[in-house]
Every structure is written in structure tokens, then in C-alpha cells.
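*Asks:* Given next are the chains, with one letter for each unit.
2 protein chains.
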Amino acid sequence: MEGSRLKAPQLIAFDADDTLWLNEPIYTDTQNKFNTIIRPFLTSGSPDEILYQTEMKNLKIFGYGIKGFILSMIETAIEISDGKISSRDIGSIINLGKEMINHPVLILDGVRETLTDLSQRYKLMIITKGDLFDQESKIARSGLVDKFSYIEIVTRKDSDIYSAILKKYKVIANQFLMIGNSLKSDILPVCDLGGHAVHIPYDTTWQHEEVDVQAIKQPYHVLENISHLPEYLENYFDSPIG
Amino acid sequence: MEGSRLKAPQLIAFDADDTLWLNEPIYTDTQNKFNTIIRPFLTSGSPDEILYQTEMKNLKIFGYGIKGFILSMIETAIEISDGKISSRDIGSIINLGKEMINHPVLILDGVRETLTDLSQRYKLMIITKGDLFDQESKIARSGLVDKFSYIEIVTRKDSDIYSAILKKYKVIANQFLMIGNSLKSDILPVCDLGGHAVHIPYDTTWQHEEVDVQAIKQPYHVLENISHLPEYLENYFDSPIG
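Heads up: the protein sequence lines correspond to chains A and B, in order. Taken in order, the first sequence gives residues 1 to 242; the numbers are from the working numbering. Taken in order, the second sequence gives residues 1 to 242; the numbers are from the working numbering.
The set of hints was computed from the structure by calculation and includes no laboratory data. Worth double-checking, as some hints may not be accurate.
Since the list gives no way to pick out one identical chain from another, each pair is judged satisfied if it fits inside one copy or across any two copies.
[Unchecked claim] In silico lysine to any residue, SDA-like type, Cα no more than 25 Å apart, as pairs:
#1 57 to 105
#2 57 to 141
#3 217 to 103
#4 170 to 146
#5 184 to 239
#6 167 to 141
#7 147 to 32
#8 123 to 193
#9 60 to 146
#10 60 to 101
#11 57 to 121
#12 57 to 211
#13 123 to 112
#14 60 to 145
#15 60 to 143
So here's chain A without its partners, still in its complex pose (with noise of 0.2 Å):
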């Protein structure tokens, strides 16, 4: 069993957002909200997937996060409502953005207990996609900071970042472990270059990070909670130890 085992890890990273902590139901509350500010002006259906098509439109030029949301909720009024919805309205929608940035960090399940046992014998290292500022706020808010080495923030996580922090970080990629709930951002790009990657699904997932399951070539991990990741690093790695 001993030399079929994979070398341990010389750093494993955490996705945050919906890995550590809740995030996609604030987006999807949030929404809920919205709805009820257009309703009003809505002729027919739902508006979610002209918010979406909003937001996607608008990726480019705003990138990840909750500003970017406000602004497209904003113009997704505007076009619903053929321009007439007060500008009161989309004040109360710039306010349900600002409640989004103040939520408290909600701490997942077996996150911090999984986190103080890792840290103790790994190198661990939140990288997360979105805003920096925002990013940065929850992260100081979490009182997890003293678990993790390293903390980076990007603007998207492909095959050619995860590249990029291997490299910055000295690490090889099949001694690199990536924990996360996207298929699209934390599993199928490290995979991509021969790291390892454990997905650890929650309930909900934003629908422009679903992906085929086909397209990712290499296994991966699929853990129902991120408490069992001790017992799969002891089951399948070396110790980190000697």
C-alpha cells in the first residue's frame, strides 16, 4: 500500500467563496429582493435570465464580484422596465448591494476544526476569484487568516493562473492539491496541468460555473464535506513528514 501512495502535498489550497463560507445563497437572496423591486414592470416571465445574459455581457468589463452585480441589477432594471422605474428603486438596488458586502462571513460546516488540524502539518492557501477589496474584507472577517501561508486573489482561475502561482510558489503540480466547489474553477484547471483537486459540491452553484464533467480528463476527488479531507490525505498521500 505504502508505494502506491501519491507524495504529499507541498501546498494545498482552498477556493473561499461556497468552500469556506457561504456566499452563493447572499447572491441568490439578494436576487429574490430584486425581483420583487421589478415586479411591478415585468410583463411577462422571470428576470433572471436577463440579469444573467447582464451579467455575462458585462464580465468583461467589470470582472467577478458584487459591484460588478450592482451595476448589472441596475441596468437589468433599466431594460425590464423600459426606463421607468424611479431612480429610487435603483437606490434600494444599490442598497441590497451594499447589505451583500456587509453580510457576516458564515463559516461552512467543519471548516475551521478541518483548517486548525491541516495547518498543522500543511502548507495551506486560499485562492479566490472576485474583488480585492471585498475579498480581502471576508477574509480578515473570517478569523481564519492565521490558518493559511498565502492568500491570492485573482480576476479568474484557468489553467494559465494556477500555472502562474505553481510557478510563483515553487510548487509541482502533482504536489498540488486544490480544494474547492466549482468544477469550472478549482477542479478542471488544475487537473488540466496534472495537480490534484478534490471537489466538495455545495447546494447551490452559480450557473455560469457549471460545467461538463466530461471535459475534466484527470479523477478527481468528489468529498461531501471538507471534514473528510484528513482521512483522503491519509488515504492516498505520503505523510507530509520525512
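Put chain B on the given structure of chain A with help from the hints.
*Replies:* Using the frame of chain A, we list chain B on its own:
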């Protein structure tokens, strides 16, 4: 003379906005267009002060950058018009913001030549404050990226941030040189740490970046143009080789 020289800098860092490329005039120009949109609702005075107060209030929620500026312009428009501005006008304000984001990166006089020269003898770095997505986009579009060994995009520029950067790159303060147009962000905090700083004033400075020069206890140099930097280095520092 040789004995009185300073040790050659291990790292020379440059601010980006209004040090390497034009920035503040893009804000000023947008603000003028914004004023035209809200002029019909103005009973007296200039909207600039209300906008500035809104920006300052929002800084701790949105951080620096264009997206937060757009949201502050919208809030200001709603406030000044007492909710009477149309959502179409709000849409025009968002478009002003998008034009800012897509504005060509205009490299300032002497920058390209000076960086080409210095990058052959020194490790150069960018330390810029603001929105990650926007700053990365400007750096990529500047065509200057190959002149720099390192790039740091930060949410604020105080002595804690500079101290963390020096630690990260294992550079001692008195062998660090920072170049920038903002006394508050580029000069004061670096001088506080015992580092070297060169101020290259730009025509216009954002009100928020203004500082009492008396607050700067350490000496710093002022250069009229970045192209005087090689001569300054030659006059005051040891040669980087040997």
C-alpha cells in the same frame, strides 16, 4: 563622494496611475460629463463636493476604483435630484463608467524609455492601489509588463502594506525606493518605514490624496519627470553592480 553614497536599491517600485499612465484626467473628464447630466436638477452650487462626500462615505464599502465611483455618482445623482432623475439618466452614468474602464492606457512622457533603461540594471515593481480587475487590465494593455519583475495590486497604501511587501520580497527598507505622484500613498508611508521615495508630481491630484507635506519627516526627492530618475540614482546611490 563614493563613501557618502547610499546602497543601491534592491527593488525600485512604481505607482501606476498618474505615475506611469494618465488617470486623474479621466475622472475629471467623466465628472464634467456627469455634471452635465445632473445640471437640470441642481438648485445651486457645484455637485463636486456632494460627490466627493459620497465617495468618502462609500470608500469603506466599495474600496477604490471605477466601479465604486460609478455607484457613488448614481447615489449623488439620486440625492441631488431628490429622486427625480430618470433611470435612463442613471443608465447614461453607468455608460460613462464603462467608457472610463475602456479608456486607452496613455503612457506618460519618458516612462517607456526610463523603464527600459532601469530594468536592465534594477529589479522593478509596480505597486498600485485600486480595483484588481481594472488594474490588471491596464497593466496588460500598457505594454510595459515585461519591464517589471513583480506586480502588487493593493486595496490601500499605508506603512503596514509597504512593510508586508518588503517582508514578502525580503528587501530592507533602506534599500527600497518608491516612485509616485501621491505624497499620501507613495511617499509618506515609505519614508515612515525608512525607505527612499521620489515624488513626481502630476498636474492634478485627487482631493483625497492630498496631504500636509509637514507630516513627512524623512527627506524625499522631487523630480519633475520620470526621465530624471537614472541621473538621480547615479548621483545618490552606489552602482547596482558590485
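*Asks:* Does each hint hold? Answer for all of them.
*Replies:* Cross-check of the supplied hints:
no., hint, verdict
1, 57 to 105, "between (29 Å within a copy, 22 Å between copies)"
2, 57 to 141, "between (31 Å within a copy, 20 Å between copies)"
3, 217 to 103, "neither (38 Å within a copy, 40 Å between copies)"
4, 170 to 146, "both (22 Å within a copy, 21 Å between copies)"
5, 184 to 239, "neither (29 Å within a copy, 49 Å between copies)"
6, 167 to 141, "between (29 Å within a copy, 23 Å between copies)"
7, 147 to 32, "neither (35 Å within a copy, 47 Å between copies)"
8, 123 to 193, "within (20 Å within a copy, 30 Å between copies)"
9, 60 to 146, "between (33 Å within a copy, 23 Å between copies)"
10, 60 to 101, "both (21 Å within a copy, 10 Å between copies)"
11, 57 to 121, "neither (43 Å within a copy, 43 Å between copies)"
12, 57 to 211, "within (19 Å within a copy, 40 Å between copies)"
13, 123 to 112, "within (16 Å within a copy, 39 Å between copies)"
14, 60 to 145, "between (30 Å within a copy, 20 Å between copies)"
15, 60 to 143, "between (32 Å within a copy, 19 Å between copies)"
Comparing the model with each earlier hint shows violations of hints 3, 5, 7, 11; every other hint is respected.
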